[in-house]
Amino acid sequence: MIFSVAKTICADQWRYWLRTKVAATVLLLGAILTLAALIVNAFHVEEAAHAREHLQTEAEERFKAQPDKHPHRMVHYGHYVFRAPTPLSVIEPGVDTYTGNAIFLEGHRQNSAMFAQQRQSAGLTRFSSLTPSFLALALAPLFIILIGYGSVSREREAGTLTLLLSQGTTRWQLILGKLLALIAASGLFLLPLLLACLYVAFSSESPLVVLLFCLSYAVYFLLWATVVTACSALFEKSSVSFTVLIVIWMSACVLIPRLGSSVATNAAPSMGKLEADFKVEEKLRSLGDGHDVNDPAFKKLKEDLLAKYNVDSVDDLPVNFRGVVAQYSEGRQAKVLNEFAENRMGEELEQAHIARQFGWLSPTVAVRAISTILAGTSLETHHRFLREAEALRLEFVQGLNKVHVEKLDYKLDMDRNASEEAADKAVVGADNWALLSEFNFNPEAANTRISNALIYFLQLIVWVCITVLFLKAAVRRLNP
Amino acid sequence: MQTKTVIGASALTVRLDNRTILDNLNFEVGKGEVFALLGGNGAGKSTTLKTFLGLMKPTSGIASVLGKNVALHTNDVQQSVAYLPESVTLYGHLSGFENIRYFLSVAGLNKSDNEISVALRKVALQENAWNNALSNYSKGMRQKTAIALALLRNAPVLFLDEPTSGLDPAAIDEFNALVSELAANGATIFMVTHDVYCACQVAHRIVLLSNGKLTGSFERIGDTPIDTEAVHAVFAGRKA
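Heads up: the sequence lines are chains A and B, in that order.
Take the first sequence: its letter number 279 is residue 279 in our numbering, and every next letter is one higher.
Take the second sequence: its letter number 168 is residue 1168 in our numbering, and every next letter is one higher.
Bound-form chain A, shown alone:
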C-alpha cells in the first residue's frame, strides 16, 4: 500500500513537472548538458587515445630510425612518452586536464608533463573543463534543487498537504512519492553517465571498478534528491527551502572543496616551481659538468679508474672516459632529480590527502576522490606515470652512455670537433638505438584502485546515514 500510494504521488509530481514549463525546461537542459558534455568528452578522449598511441609509436620509430650518430647527441635528441587516457576518463578526466599526458625525455633533465587540456585552452575557453564528472558533481545537484525544492512545500503552500493527510495519506507515503519522483528526475542526469559506463564496462576496464564508479555517482544523486526532498518538507515556504538548499549547494560543491584545497596548501606547503628549479640547478651545478672531463668534480672518478685499469692516462683506458663521466654524472644527477621529484610528489600527495579529508564535510569531495581514484586519473596515477617515465628516461640515457663508454673510441671522441671528417668518425652505428624500450603505461590494478578508494566510500556511507536521519526528522516534523 505504501508503495502504491507513493507511486501515484510520484506520477503526479512528474505530471506537474511536465506541465510546468520551467521544470520541464530545467530537466531537459540538465539532461542535454550532461549528454553533450559526455559526447564531447568521449570524442576528445577517443581521439586523444588514438593520437597518443600513434604518437608513441611514431616517437619510438623516429628515435630508432636516426642515422649513425654520436651517442651523446642521441641523449639530447631525446624521446617522447605518452599516457593514453583510461576508459573511465571519458567521464572523469581527473588531474589529466591539468597535469598533461606527454613527457619529453632527455639527458640531464626531468621535464614536466605537457599537453594538458587546460594549458592548451585560452582563458576564454576554460569552459572546456565542463566535464561530465564536473557536471554530475557540481551542476546536477543545482538542477535537482531547481526542480525539487518546492515538491513538498508547494503542497503545504497550496493547502493540498492538509487534504492529502486528512484523507489517510501518511507522511512517509507522501515523502517517499516525492523522493521517488526526484530520484527519477536525477536519473535523467545520471543516465548518460550510466550508458557511458556500460560502454566502458565492455572495454578494457574492470567491471567491478565500473560498477563501483556508477554506484558512487548513483548514491551521490540519491543523497541530493533526499536532502532536497527533506528540506522541502522541513521548511514551511518554498522560498526558504530554496535559500537553504542553495546555501547547502554552495557549501558542499564550491566552498568546502575550495576550503579543502586552501587548507591543504597551507598545512602542507610546497615549494614553488621556480624556487624548486633554482634549487635543483644549484645542486646539479655542484655535481659538476658531465660534458667536461676535466671538471674537478670528476677528479676522484678519474683517479679511481686509472688505478683500476692500472694506467697513467685516460688515453690508455680500455673505455671511453668521456662516456664514463657522462654515465657517472647522469647517475648522480638522476639521484638529485629523483630526490627533488619525490619530495615534490610527497608534498602534492600530502596536500591531496588533506583536501580529501574534507569529504567528511562534503559528499562532493568524497565522490570526487572515489571518482578520480577509480577512473585512474588521480594524482597517485599521475605520479606513477612520472616515475615510470623517469625510469625509462634513465634507462635509455644510461644505455646510450654505456654505448658511449664501450663503443666509441676516446681519441676519436676527443677530436670530434677538429674537422667535419673527424666529427663523422666520432659516431656509433644506428643499430644501437634499438636499446629504447617500449613505453606502455597502465593505471593501477582494479584491486589497488578499489582499496585506495575504500576510505572515501566510508565517507559516503556516513553521508548516507546523516541524510537518512535528516529525512526522518523532516518527515516527523511535516505538518500542514
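Source of the hints: derived by calculation from the structure; they are not laboratory data.
Heads up, a few of these hints could be off.
[To be verified] Derived CB-CB ranges, DEER-like:
hint, chain 1, residue 1, chain 2, residue 2, range
1, A, 157, B, 1165, 10 to 20 Å
2, B, 1062, A, 157, 45 to 55 Å
3, A, 265, B, 1015, 50 to 60 Å
[To be verified] Capping the alpha-carbon separation at 25 Å, the derived lysine-lysine pairs in DSS-like fashion look like this:
hint, chain 1, residue 1, chain 2, residue 2
4, A, 402, A, 300
5, A, 425, A, 402
6, B, 1031, B, 1004
7, A, 402, A, 302
8, A, 237, B, 1057
9, B, 1139, B, 1122
10, B, 1068, B, 1057
11, B, 1139, A, 237
12, B, 1111, A, 472
13, A, 237, A, 302
14, A, 64, A, 407
15, B, 1111, A, 7
All C-beta atoms, glycine included, are put in the ideal place defined by N, C-alpha and C.
Here the structure of chain A is known, so what remains is to put chain B in place on it, guided by the hints.
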C-alpha cells in the same frame, strides 16, 4: 435526523506554546446532522477541525469520530471522513476530473470514469469544464469538484472549512441544497464557519466558539431555519 453520536468532543483541550487554543470543549453530533461551529478569527475553529482530522493531537480530552478516538485511530478515522478545505485546495495543473481520480487513488479507492462522471453531474459541475485545468475554475466550480470527491469517497462524515467563503449567493444556495441532500441521505456534516447566514440556513445546530470556549448553542426546530438575528446578536457580543 438520527441521534446516534458520530462526532464527539469530551473535555477537549488543546494548548500550544502555553496558550490555550481549545478549552474543555464538549459536544456531540448525531448521524445525519448538519453541525456548524461558528466563530470569529482566532476563535479556535481551525484547531478544532485539525484535531478531528487527526492533524493535531489534543493536550487532553478526547475527539472522537464514529466512536473512535481520533488520536489513537488517526488513520482509520481519516479513511472514513471527507474534508473540504476553505480555499478548496486541489491541484491547479490537473483538471477537475484528474484531481478527483488522483485524490481517490492516494486514498486507495478505485472508481471508474463513469462513477466520477455521475458524481460530477450530481454536484452540477458543467461538463465542458471537467477536463479543463482547475486553475481556470471559479471558486464555486472548485467547491463542487471537492464535494464530488467527498461523495465518491462515500464518507459518512464530512468536515467543511468555511465552505461558503467567496461564493456568490447563487452558488451558496446550490451549496446549501447539496449539503441538505447529503445530510438527508445520512451523512454527518461538521462545518466551521463565520458566515452566520449560511450556518442558519443549513445547520441543524449552531454552536458558538470564542477564545477556545463554547459560548452558546442554537438548534433548528422543525424545518424553520435558526434565527439569524438571534445568532448574530450573540456572535457579535450582544444579548439576543
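Hints, one by one, checked against the model:
1. 157/A <-> 1165/B: 10 to 20 Å: With Cβ atoms ~19 Å apart, the hint holds.
2. 1062/B <-> 157/A: 45 to 55 Å: violated, 32 Å
3. 265/A <-> 1015/B: 50 to 60 Å: Given range 50 to 60 Å: holds, Cβ gap about 56 Å.
4. 402/A <-> 300/A: Holds, because 20 Å separates the two Cα atoms, which is no more than 25 Å.
5. 425/A <-> 402/A: holds, 18 Å
6. 1031/B <-> 1004/B: Judged against 25 Å, a Cα distance of about 6 Å means the pair holds.
7. 402/A <-> 302/A: holds, 17 Å
8. 237/A <-> 1057/B: Holds - the C-alpha atoms of residue 1057/B and residue 237/A are around 23 Å apart, at most 25 Å.
9. 1139/B <-> 1122/B: holds, 17 Å
10. 1068/B <-> 1057/B: holds, 14 Å
11. 1139/B <-> 237/A: Status holds; Cα separation ~24 Å.
12. 1111/B <-> 472/A: violated, 33 Å
13. 237/A <-> 302/A: Not OK: residue 237/A and residue 302/A at ~85 Å, beyond 25 Å, violated.
14. 64/A <-> 407/A: At roughly 17 Å apart (the allowed maximum being 25 Å), residue 407/A and residue 64/A satisfy the hint.
15. 1111/B <-> 7/A: With Cα atoms ~18 Å apart, residue 1111/B and residue 7/A stay inside 25 Å; holds.
In the structure shown, a violation is registered for the earlier hints numbered 2, 12, 13, in ascending order.
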